[in-house]
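Residue numbers (this note's numbering), protein chains in the order written: chain A, 1 to 133; chain B, 134 to 542.
Keep in mind that the hints were calculated from the coordinates and are not lab data. Wrong hints could be hidden among the right ones.
As the list claims (entries may be wrong) - Partial list, derived from the structure: chain A residues whose beta carbon lies under 8 Å from chain B:
hint : residue
1    : V45
2    : L107
3    : Q125
Unchecked claim - With a cut-off of at most 30 Å between alpha-carbon atoms, the simulated BS3-like pairs for lysine-lysine come out as follows:
hint : chain 1 : residue 1 : chain 2 : residue 2
4    : B       : K402      : A       : K52
5    : B       : K290      : B       : K307
6    : A       : K112      : B       : K348
7    : A       : K112      : A       : K52
8    : B       : K135      : B       : K348
9    : B       : K402      : B       : K290
10   : B       : K135      : A       : K112
Each residue gets a CB set at the ideal place from its N, CA and C atoms; glycine is no exception.
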Amino acid sequence: MPRTPDGGGWHTDASRYAGEELAAVGTSILALRQDDDLYGPYLRVSTAKAEKSGSRAADELTSVQPPDGARDGYDNVTTALEDASDVLTDVRLAAWEGNTASYPALLQRLEKVRDRLEQIVQSLQQGSDGSTA
Amino acid sequence: MKRVLSMALGILTAIGGFVDIGDLVTNAQAGARFGLSLTWATVAGVVGICVFAEMSGRIAAVSGRATFDLVRERLGPGMGLVNLLGSMGVSLLTYVAEIGGVALAVELISSVDYMLLFPIVGVVVWLVLWRASFSFIENALGLLGLALGVFVVALFKLGPDWSHLAHQAVTVGKPSDESWPTWSYYAVALFGAAMTPFEVFFFSSGGVEERWSAKDIPLMRSNVIIGFPLGGMLSISIAACAALVLGPLDISVSSLDQVGLPIAVTLGKLGLGIALLGFVAATFGAACETGLSVGYSIAQYFGWQWGKLVRTDVAARFHAVLLGASLVALGLLATAADPVTITELSVVFSTIALPLTYFPILVVANDRDYMGTHVNGPLLNALGVFFLVVVTVVAVAAVPLMIWTHMGS
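Take the sequences, apply the hints, and build the full model.
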């Protein structure tokens, strides 16, 4: 059965999981930017762990049944988390394949999802249900 | 000259052996989220462990007997058993975390999943506990742990605004997006990470292994008073590097690879390689120390032969405990429990066991029958009582804070 938090609980859950997703995206950005300074295995493990952490955050929030009136916020936040997880998966694939040529494009995508997540986290912290970010 | 070299070696191994997986993870987590605003908790923990490590080392040097040996005799088997269960349980949990930590560190070098590595790591640790000499465990691994000094170098290379960092460190405050309960939880965790009970067991039992006498007390004190605070500086450097590199990117630390990223940013591959050596040495050394601490505490309580200087067949029950503890550790890790979560739990539960560990040491260090003229002076007693009150408050607050904050998340 999905958990059904009240409004306050939804805020807490959404902030927490969006923050975890943001941390995973930030880790991948740092790892890709520094790929020349990282050993191959380190980069691979780092991107794989970021993907795992991001996917877990997205799955956890998606499995929450939003409270009445929070459906728009739920859709917006979970979509952002799922989009970020998709990018993290692409980063992991590229790192394990050693496809360094794709890193600049992946970095751009990561920065884009990071900006969106930052807006969401900020709006949740300001009391919004996440629908307006 | 020999004495100076011996002192230098003791100090260096005390520095290198101070940081374990709990320090690595907790300091990076706290630094990334709270900057240096929780430095006071690490400093308090370092002063606290210096106070009690000095007492337990002095007890070993004067009486020639280790902590649990005297606890049972002085406080009786009942109280001794409570003490044993609390302290040994936490040391065992820490042992699990350290073996998992070694596997995570090797995973970063090999990109082989840690679930495939931890059984090998567990067997290697057990073989070292069984076959290697005490001096190898203490000195070689402690010296290799000095590689973590790369965090100090990275901190200087980052060229931070020192006045801003110093202001953070001396001001009681938190970032606006963090809550006070979470801030308190991490304060408790940092305090617990610095005051882990196994360090005192290993230190005092090591003193007995090395046959310290009263004339070794100055040497022991130099290890504690110089080595431990410098080890604490490594912990603070890890927190500072995380604060400067990970904090601005909103990276909250949940895995070991994130701890090393600031080194790659500042010092490149060479620095990262040294940091990885430090990760492996620190966690491997701590795994050996915690494993031995489990064996020491049980064998000392039951009055069995124990130690690395005793032949294996003579200390068979001690070695059977080491084997049993290793099997329990591997069994727990085989459940796929996240080693970082185990580390966080071990740090918090360490705080609960702190009064059980340190109260008996304070009692024995005041007993003239054991200590003769080397009983605690008024200053040490005042510090001991103060920290006993602090660790009791921390022990009571630890679990409610852990539940309230969902382990600081």
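Hints and how they fare:
Against a cut-off of 8 Å between C-beta atoms, the interface hint on V45 (chain A) holds, since the closest Cβ of chain B lies about 5 Å away. Using the Cβ-Cβ criterion of 8 Å, the hint placing L107 (chain A) at the interface with chain B is not satisfied: the shortest such distance is roughly 13 Å. Interface restraint check for Q125 (chain A): the shortest CB-CB distance to chain B comes to about 6 Å, inside 8 Å, so the restraint holds. For the hint linking K402 (chain B) to K52 (chain A), the alpha-carbon distance of about 25 Å falls within 30 Å, and the restraint holds.
Distance restraint check for K290 (chain B) and K307 (chain B): the Cα-Cα separation of roughly 26 Å lies within the 30 Å cut-off, and the hinted pair is therefore satisfied. For a cut-off of 30 Å, the pair hint linking K112 (chain A) to K348 (chain B) is broken: about 65 Å separates their Cα positions. Between K112 (chain A) and K52 (chain A), the direct Cα distance comes to roughly 20 Å. Compliance with the 30 Å bound is thereby established for this hinted pair. At most 30 Å may separate the alpha-carbon atoms for a hinted pair to count; K135 (chain B) and K348 (chain B) meet this at roughly 15 Å.
Pair hint K402 (chain B) plus K290 (chain B) holds up; C-alpha atoms about 15 Å apart against a cutoff of 30 Å. Using a Cα cut-off of 30 Å, the hinted pair K135 (chain B) and K112 (chain A) is violated, with the two alpha carbons roughly 62 Å apart.
In summary, the structure is inconsistent with hints 2, 6 and 10 from the numbered list given earlier, while agreeing with the others.
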